Amino acid sequence: MRAINIRPSRGAALMLGCLPFALLILAYLVGSALRLADNPADKLLPSLTTLATSIDMLAFSVDRRTGDVLLWADTLASLSRLGLALAISTALALVIGMAAALLPIMRALLSPFVDFVSMVPPLALLPVLFIVMGLGEVSKVALIVIGIAPILIRDLTLTATALPREIIVKAETLSASTWLIGLRVVLPQVLPRLIDSLRLQLGPAFLFLIAAEAISADAGLGYRIFLVRRYLSMDVIFPYVAWITLLAVLMDIGLSLIRRRLFPWAEGAR
Amino acid sequence: MLRLLADRLSRRAFLTAATALALLAPAAQAQEKTDFKVAWSIYVGWMPWGYANDAGIVQKWADKYGITIEVTQFNDYVESMNQYTAGAYDAVTLTNMDGLSIPAAGGVDTTAVIVGDFSAGNDAVILKDGATLADIKGRVVNLVEFSVSHYLLARALESVGMTEQDVSVLNTADPDMVGAFQTPDVTAMVTWNPMVAEIAALPGATKVFDSSQIPGEIIDLMVANTDVLAANPDFGKALAGIWYETAALMVSDTPEGAAARAAMGAASGTDQAGFEAQMAATKLFPVPADAVAFVTSPDLGATMDKVRGFLFDKGLLGPTAASADAVGIELPGGTVLGDPANVKLRFTDTYMKLAADGAL
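Sequences listed follow chains A and B, in order. Residues in the first sequence are numbered consecutively from 1, following the numbering used here. Residues in the second sequence are numbered consecutively from 1001, following the numbering used here.
Please note that the accuracy of each hint is not assured.
As the list claims (entries may be wrong) - What follows is a list of derived Cβ distance ranges for each label pair: (1) A33/A <-> T1206/B: 53 to 61 Å; (2) G1179/B <-> L158/A: 49 to 57 Å; (3) S47/A <-> L1202/B: 30 to 38 Å; (4) V1251/B <-> N39/A: 44 to 52 Å; (5) V138/A <-> D1299/B: 45 to 53 Å.
Claimed, not checked - Here are a few chain B residues that face chain A, going by a calculated C-beta distance under 10 Å: (6) S1147; (7) S1168; (8) Q1213; (9) A1277; (10) N1342.
To be verified - Examples of chain B residues lying across from chain A (beta carbon under 7 Å, computed): (11) I1057; (12) N1082; (13) A1088; (14) A1302; (15) T1303.
If you're looking for bench data, these hints aren't it; they were derived computationally from the structure. These numbers come from a predicted model, not from an experiment. Just so you know, even glycine gets a beta-carbon here, dropped at the ideal spot from N, CA and C.
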């Protein structure tokens, strides 16, 4: 039997999937035990007990300095920035992307500019953003929007222009207006793709969020990580990294569910 | 009978092995470490380390003690301390406050080999449209949270009967301070030089409090791993030798001194005049006897008591610290502040005294 034809059973597949995680945890535990044996106050690889204490302090106790539960306050601050930025980016993608896809004049006007802007490295713009928009929420949201909106716009335009021309012509012969063609023919076919590209942009969005929060903030997931980095507090950083990853995974799954719920017909096209 | 013999034999073998091990262990310790790594970062009081390395002073003293010293400049102060705490470096430049909260609270037994200077104006509270410190009430204050700036703010507020509750603190990265001050919503800031000099020169900016009002509380040190020092004290002697030779040159009113200041200024991104202005806001200890007097005075204990109180209040002595006593601080003469069973930060006059006595 060829190796390409050997398939694991359901149980074996599950076990194989868990194996890398188990190895990672094992490597951590061994490394942590070794370092702690050497220096009981070592902060680099804290023990599970220390991690549990820290998680309890971060997620379930009220911080005496701010009067908030830190993890929730940080999550709320970060997610509201991220949510706002994703909403603005999606709206921009819909408006500009659709206009550029449908109307040749708008395409001539917007496409070169969007293509150009999408190549600007957003992090290099950060110092400028902070001077122009101040250190508040606006500059943080703007960084994420500048980072992901051009990609969403370009992707939406590409998808829309790749639709078979015959469909548009058919709608025209049925006397549909430009507006109606956009709304009833093109839009439904690009929306599933928009959700997919939003999923792909979640990673960069988190990256820009954390970079912005590292520079100036008083709450947020990235803020906390960069604050305690000064104290090598891995007992805070590890849980936060895990939590951010979990949030991103959940958002990804959520968007995927929305896509399947709203556009079940698009599943077959994959 | 046979069993007894076997038993005796194995016992003997065990004893032999144990003796061999016992002999080996000190032998392994006596194998002295002779290669050392020192990390430093850009700050007026630490520039001599970089200059000493470039000018061959490090090489000279290392050769004298038959050791090698590798001096590395870090562009990021926090990273240099983290690297030291993780064990990648044997010595690092840091402030008394960071020494307590980072390596010492991280369980790395650390000794302050050299007290190089203390800040006498290098750190400042700056207000926009405000004449006195009292005007800070209710404002948002931009600073690097949990840094010496934060400590300075706490001490400044205390001096006018306020607490941190009277303001709100907004963490801002130090490279962005000068730019941030020019945006409309930033109205109060605490930072250090060279940013202070630039910000204070901006229109509308008033320096309302600076570190010269709390002299001797923000101390810049060269610290080394206590175990490394104990294993080879020559490392500490070489550090002291390098420092006092370079510091004497740095303050000397000779063409060589001016050239050294110009080189240090250029290395820190300014020029000789700019560097001399920063030196004026720094109380340097180029004379070892002065540093010995400073470190042995009872004021140091009082300062460290304030510092540890601040750090504990901010939760920076570690999540398990039950009180400010959690991390012990040893002062010259053997007095210990806090837990004597967990002494992790030690002030000593040993090496500076050797320099003062000309015994290096």
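Hints, one by one, checked against the model:
Between A33/A and T1206/B the beta carbon distance is about 55 Å. The supplied range of 53 to 61 Å therefore holds. Under the hint 49 to 57 Å, the C-beta atoms of G1179/B and L158/A, about 37 Å apart, miss the expected range. Distance hint check for S47/A and L1202/B: the Cβ-Cβ separation is about 49 Å, which falls outside the suggested range of 30 to 38 Å. A beta carbon spacing of about 39 Å between V1251/B and N39/A contradicts the range 44 to 52 Å that was offered as a hint.
Checked against the hint of 45 to 53 Å, the C-beta distance between V138/A and D1299/B comes to roughly 47 Å, which is consistent with it. Interface restraint check for S1147/B: the shortest CB-CB distance to chain A comes to about 8 Å, inside 10 Å, so the restraint holds. Interface restraint check for S1168/B: the shortest CB-CB distance to chain A comes to about 7 Å, inside 10 Å, so the restraint holds. Contact between Q1213/B and chain A, as hinted, is not supported at the beta carbon level, the nearest pair being about 25 Å apart and thus beyond 10 Å.
Evaluation of the A1277/B hint against chain A yields a violated restraint, the C-beta minimum of about 25 Å exceeding 10 Å. At a threshold of 10 Å, the smallest CB-CB gap from N1342/B to chain A is about 8 Å, leaving the interface hint in force. About 31 Å separates the beta-carbon of I1057/B from the nearest beta-carbon of chain A, more than 7 Å, and the hint is not met. Taking 7 Å as the C-beta contact cut-off toward chain A, the hint placing N1082/B at the interface holds, the least distance being around 5 Å.
With its C-beta approaching chain A no nearer than about 11 Å, A1088/B sits outside the 7 Å limit, and its interface hint is violated. Evaluation of the A1302/B hint against chain A yields a violated restraint, the C-beta minimum of about 24 Å exceeding 7 Å. Hint on T1303/B is violated. Least Cβ distance to chain A is approximately 21 Å, over the 7 Å limit.
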